[in-house]
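> One-letter residues, chain by chain:
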Amino acid sequence: MMQELLKIDWLVFLRQTLPLLLPLGGGGFLLLVGPFFKRSHRFNFIFSIAIALLALFFAWQEWLGATNQTVNLLLFDRFTYLFAILFLIALILTLLLSYSYLESFGLVRPEYYALLLFAVFGMMCMVAGHDLMVVFLGLEVMSVSVYVLAGFQRSNVLSVEAALKYFLVGAFASSFLLMGIAFIYGATGTTDLIVLHQKGLGMLAGETRVYALVGLSLLAVGLGFKIALVPFHFWAADVYHGAPVIVTTFMATAVKAAGFGAILRVVWALFQWEPLLFANMIWVASVLTMTIGNIAALTQKNLKRMLAYSSIAHAGYAILPLVAFSKQGASVTSSISFYMLAYILMTVGAFAVLIALSEKEEKCTIQDLSGLGTRKPFLAFSMTLFLLSLTGIPPTLGFFGKYYLFLQAVQAGYIWLAVIGVINSVISVYYYLGPVVAMYFSKETADQKVGPTYWSPQAVLVVIWFTFLGVSLFGLFPSNLLDLIQTSVSSWLVAGK
Amino acid sequence: MLRTLYQYIAPQTLAWLIVALPLAGATINGFYSLVASRFHKHASHSFTSLIGCGLPVLSFVISLLIFVTLIGFSAGQDPTMITGPLFQWVVTGNLTIDLGLKFDQLSLVMVLIVTGVGSLIHIYSMGYMGHDEGYARYFSYLNLFLFFMLLLVLGDSLVLLFVGWEGVGLCSYLLIGFWFEDPTKAAAGKKAFIVNRIGDAGFLLGMFFIYATLSSHNLPPTEHQYNFFNFEVIKHHSAYLMPVATPICLLLFLGACGKSAQIPLYVWLPDAMAGPTPVSALIHAATMVTAGIYMIARLNFLYVLSPTAMQVVAWIGAITAIFAATIGLTQTDIKKVLAYSTISQLGYMFLALGVGAFSAAIFHLMTHAFFKALLFLGAGSVIHAMGGEQDIRNFGGLKEKMPITAWTFVIGAAAISGIFPFAGFFSKDAILWHTFHGGHISLWLIGFVGAGLTAFYMFRLVGMTFFGQPQMGRGEWQKVHESPPSMGFVLLFLGVLSVIGGWVGIPEAFGGGDHFHHWLSGVFGKMVVHEGMEEGHAAEIILTVVSLLWSLHFAILASVIYAQRREWPTKMAEKFQFLYKLIFNKYWIDELYDFIIVRPLVTLSEKVFWGVIDAKVIDQYGVHGAGRLMIFWNRCVTAVQTGVVQQYLLFFVIGVVLILWGFVF
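Quick note, the sequences are listed as chains A and B, same order.
Each number in the working numbering comes from the position in the first sequence (counting from 1) with 1079 added on.
Each number in the working numbering comes from the position in the second sequence (counting from 1) with 13 added on.
These are computed hints drawn from the structure, not numbers from a lab.
Some hints could be false.
[Unchecked claim] Only pairs whose alpha carbons sit at most 20 Å apart, straight line, appear in this in silico SDA-like list of lysine to any residue:
id, chain 1, residue 1, chain 2, residue 2
1, A, Lys1380, B, Val653
2, A, Lys1455, B, His53
3, A, Lys1442, A, Lys1522
On a predicted model such as this, the values are computed, not experimentally measured, just so you know.
Can you build the whole structure from these sequences, using the hints too?
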């Protein structure tokens, strides 16, 4: 043991783990030092942004020079750093959205920033871990942070309720996850994903096979809960609705992406146990999730709740290509990763517009948007772009994201599955265009006219511009982005196989 | 200066600017007019004019630079240039479309006409539209038109040509309906758009036909293997298209009929005169309507494969030429007369294309752009001076008040009538001579008669407008004034071009060098144009002199009658009442179309398609039915979402059980 530890080049290891260590250390620092700087909200904000940017820089450096090394249960390949970059982008965007929101809602507390940083550390562990236990630990670090964040607005009953529900259901789901890992360990004697992948089903026979499959199912339940697959989705609507909208933004984007990152790692290791059965389970879950998500979203009047259901539906779209994993693992993985990026940009954008409108109270109903096209043309236009992108209408990033997803299914012969996906997109047009209609075709109410109209904090506008440009430019020229992601994926999947 | 320029900018890069500058102008002025109207301010005229006219002029200068560069190539080389693809627009497994520009003799001629005449008309518009509310919007549309037109003539593939083709159609629609507050003008815009759609359907089918044919053969694997719409590729593989050349050419010709206003799709062009007069000059006379001619000339290698299609093109052209000329005899709206003359002249160009004289067609296209722009702008000047009056029966004697307009208009009329030595003489003579020489005697006869009619109605116009006694009240007569210098300058400039524009193509029979034909022979091949020309010089001279005298005598006749003996035509009209009414009412073609096509379609769609199928079946059961179904499901799904955690966990456990059951058993 000691000798093994000595063999590691610690300097290299430090460099490789910097993107993980920075959020962890930064969060710890904020908690320790925070009380002394309690008044200085600005310091906390700038410090967290600096930490995130620094981590982003190192993650990018490591991405450029990644070597597929596995060190002590952690796997440092480009895929890890790609997802680290995704999390950090989502983190930075959330931070930018949070500053003015916290001020105007009286929620200024340093723990907020520390919790966000811890959550991002957990997410990175989920993707970097090549051992199921590390994945689990990362998931718990992330979850616990997010439970607290969801209830951050203690004065609001809905927020507290959201935290409690999230915690109860989440704890329930985690127990299944842990149980699943235990079963797998019992059946195979290992929790190492690489070993599991290399040995495959070969080491299973007789009764152990049943244990392994039970483990696999329970694992799927635990991870499916995180990305709100049907029937583990009920919490999502209540939690997204109740949590402060900045936290909802973070949950809908970063947390979901982390779930998918972990799922891709696990699927790679375990799908071969029962490829056909696995594919069947996936398509059933995918169809159910997207259909129920879309149908439930149809009549929502509150955009937070509507986007919650829409995020359920998007999870359904995103797992759809997994049916083809056994045939074209690399391209399936890159299409899902691409979609996560697209989804982060357009969802953050849509929430950012809502935040830009919420000065003293959250303005998230469709009625709050009416007449926005004349009041604030840019906000209305960018909101329209984000909603069209979520619908999947070209030439936006959302279109290409969805296109690559469905393309995988079509190439693997699941044409009917892609058709169901497209029909679902058509259903979603109805509720995505509802706000657009309100913005451009309904008259503003009397108090909207009177009220302060030009309140838009700079940082929020920066986020809207960033996501706006991302969604439109990458929508026009998606190939570079896709190349980047394919490179990240191929270093893992080719090397692994 | 050229050398320093080339040090920094390659011609290929410069070439993109020709197209990009008008687009930039359109964007800037478009945004400017939007912003100005949002803040309820008037757009600044000087800024709009600077952008709106400056960029097209710059674009013209660049075109000249490229022209000079390309003719500077050493002897033996064709003056052609293809810019590398700007980017690949469509890349799929079996079709690639690149965005590239193609400069050869043909497109150079077109680019110079479009940017040159276009710039002049932009400058003229500064005066003409000076009092209009939508000044910035107008220039934005006009620049956008220029952009699409340049894309049309410069695009190196059929797809780009089509993009430009549709784009100019859009701009034409927007500009015809520029004063959209007036419902008849808005309706004229719609008519143009819809009639063009019929032609475009043919065009698209032709394109699909080419794609289907070429993609069904295994072309040799090169980098251009899947560039099926690229002109070079089509030309290179035109042998594959041989068996289906006739349908392809006819379908494409249908598109040309729509855009270039030929029988049976010409009906939109007279109505299109509802737009501002400079627009009529630029779009509906000089450039856009010639797109069909350009397209067939560009695809000449396809058309020569199908003698049948060539015959059809020639006959449609000839019949349109004489048909529109007869209508022109009786019209009383100054712009309508010019509109029918445009249709007629376009007919001549198609006649030339149909008999294989591609370069003669392009030659006539060029001179026509000069003199028809001149005529329209002169008409605009008259309308401007008369405060919007367009009926020539109320004009008369205007040469006293507006000499520049009057004399440049006479030059234009002489040019279109084919009178020596004006531009139209050489180009029209080339067409008639090639028709005659090619053995198409009956076509030649039609063209010959049409030329006489042209001279007659043009000088009728001149006589009634500028000569004789004024036909208006005293007060109005005193208000008539010559147009501002920005308009007069353009008229003079185009007047000069209408005189000398034809001299680049003086045929060898008259001791000229026939430079224009030689210049274009790189595109059209030598044999089509010049086969056995040398022996026929004597015949050519005789024919030319005959047709000159023929036109001249009609011109004199008309100007004498309409300037001095105005009662004669009225008497004639009374004598041949039926014939007069037939022609005056444009052969009732509009009414015929309305009766045969429009009304049955409208009735059918209102009664059956809308009343029964759409409102009853689709709306009731399809659309609303699907909606109701979704809402029902939505109720079911949201009913489960009670907010009670225990219930969520119950569903959770059910899910777990189902998954376990699915995986393990």
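> If a hint holds in the structure, say so; if it doesn't, say that too.
Status of each hint after checking the structure:
1. With a C-alpha separation of about 18 Å, the suggested pairing of Lys1380 of chain A with Val653 of chain B holds against the 20 Å cut-off.
2. The straight-line distance between the Cα atoms of Lys1455 of chain A and His53 of chain B is roughly 17 Å, inside the 20 Å bound, and the hint therefore holds.
3. Between Lys1442 of chain A and Lys1522 of chain A, the direct Cα distance comes to roughly 17 Å. Compliance with the 20 Å bound is thereby established for this hinted pair.
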